[in-house]
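A.B. asks: Sequences and hints are given; from them, build the entire structure.
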Amino acid sequence: MSYVPLTPFDLALAAILLVVTAGLSLAFRLGLERTIAISALRMCVQLGAVALVLKLVFESGSSLATAAFALMMLAATAYEVGSRQERRFHGAASYLIGGAAPFVAGLIASVFAVSAIIGSEPWWSPRYLLPILGMVIGNALAGVTLVLDAITSAASRERAAIEARLALGETRTDAMQDVLRRGLKAGMTPILSAMAVAGLVSVPGMMTGQILAGADPVDAMTYQVMILFLIAGATGIAVVLAGLAAVMLLTDDRHRLRLDRLSAAKKTD
Amino acid sequence: MPPLSFEVAGGECLAVEGASGSGKTRLLRAIADLDPVEGLVFLDGAERAEVPAPQWRRMVRYVAAEPGWWSDTPRAAFAPGLVDGGRLDRQLDHVGLTRAHLDMDIAVLSTGERSRLAFVRALQGEPKVLLLDEPTAALDPGSAALIEEQIKFQLYGGRIVLLATHDAGLSQRLSHTRLVLPKPRAVAGAGAS
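Listed in order, the protein sequences are those of chains A and B. Be aware that the first sequence starts at 0, since it is given in numbering that gives the first Met the number 0, and climbs by one per residue. Be aware that the second sequence starts at 0, since it is given in numbering that gives the first Met the number 0, and climbs by one per residue.
None of the hints are false.
Taking CB as the label site, the calculated pair distances span:
id	chain 1	residue 1	chain 2	residue 2	range
1	B	Glu-65	A	Gly-90	23 to 33 Å
2	B	Arg-86	A	Met-225	56 to 66 Å
3	A	Ala-264	B	Glu-65	19 to 29 Å
4	B	His-165	A	Arg-41	56 to 66 Å
Derived from the structure by calculation, the hints contain no laboratory data. Keep in mind the model is a prediction, meaning the values are calculated, not measured. Yeah, the Cβ is synthetic: ideal placement off N, Cα and C, and Gly gets one too.
C.D. replies: Have a look at this one:
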């Protein structure tokens, strides 16, 4: 593999485009210059820190360090999903579902990939496990955010209909089935669309990265296809786990709708 | 509000009255076990908590003042397995509706038609208790009279009816007992047998 390593000077050149964008913001009085600068700086610091930590983890080859990095991903996922909900469950439930569903699904898919497909030695080898885990969780997270939002808002909006079914003697799973089904569809739609247009609208990021890094496009494609399969599988598992958990939390063992377990709707950015 | 205790026998109607916010709806919903509320409710000697909730609600039917629907037409709420066809035709006819109404778009039906359909829907499966929340509030006088007749008919059939209403006339005509809820907050416990 041969690739052209980038120097800080190359990055500075690329940043010129961002400076132009900031200039446009100034010209059109959008007031976004500060945000552009801060976002760009944040991105550099975050990616720099992650790269350094990953380098350390890869060099150490330690299973503990790998597990610690994975746990950090779990915490970030939980926070990201939990804080993006328009109507959150009281207590830590939104964060628990938000962290657990993508993480469990991501872990199943990634461990399956590294042990059964890639066959890395040892199976938890951080160079393979962590990037795949990250990519899979990142996508499952988006699905889980959507499914939780869809189910909690539909349950609040369609309270009269759900309670009419419960009042007629339906179980909570029957009464919530339409809401659940629509929620699961909402959660699965982005990854299905992404698969459908992969390569047509844009070449996926990982494949682009590999091609730029000198890999053969067909090899890069093979990896990308595997990753998309993993992502779709993990998103499916995560979305179903999160959807079922949300339905269970929105109802109780006496088959009552428990909207009191949700906080009031908040405005999202 | 102090804890409540009352009994209603088969074929009798208890009217629950009180100002808005006095807890009429909460009381009916609590008896149907739709909200977690402390207190004991007995039906034929069995306490609510001893009976699986879906089974309880098939015997103790709550009909909301603004009933909800979950599909484009009312048909889904009258699934063939749950419904006795011949009886359904009669029940619809008694409240001035026909089978054609089951296939009409919910959005096209008037508030009164939806209320009457919800009343008929609640009769499917032969519940022992009807908890009716303002059953005639949305109806024109003619439809209200039809529903009133049907409530009487259910009482003759031995059903227990709990009726939350602002309509003093309706309450007087139908109820055997009246329960007036005081103004401040809602209910702690209730018993019906």
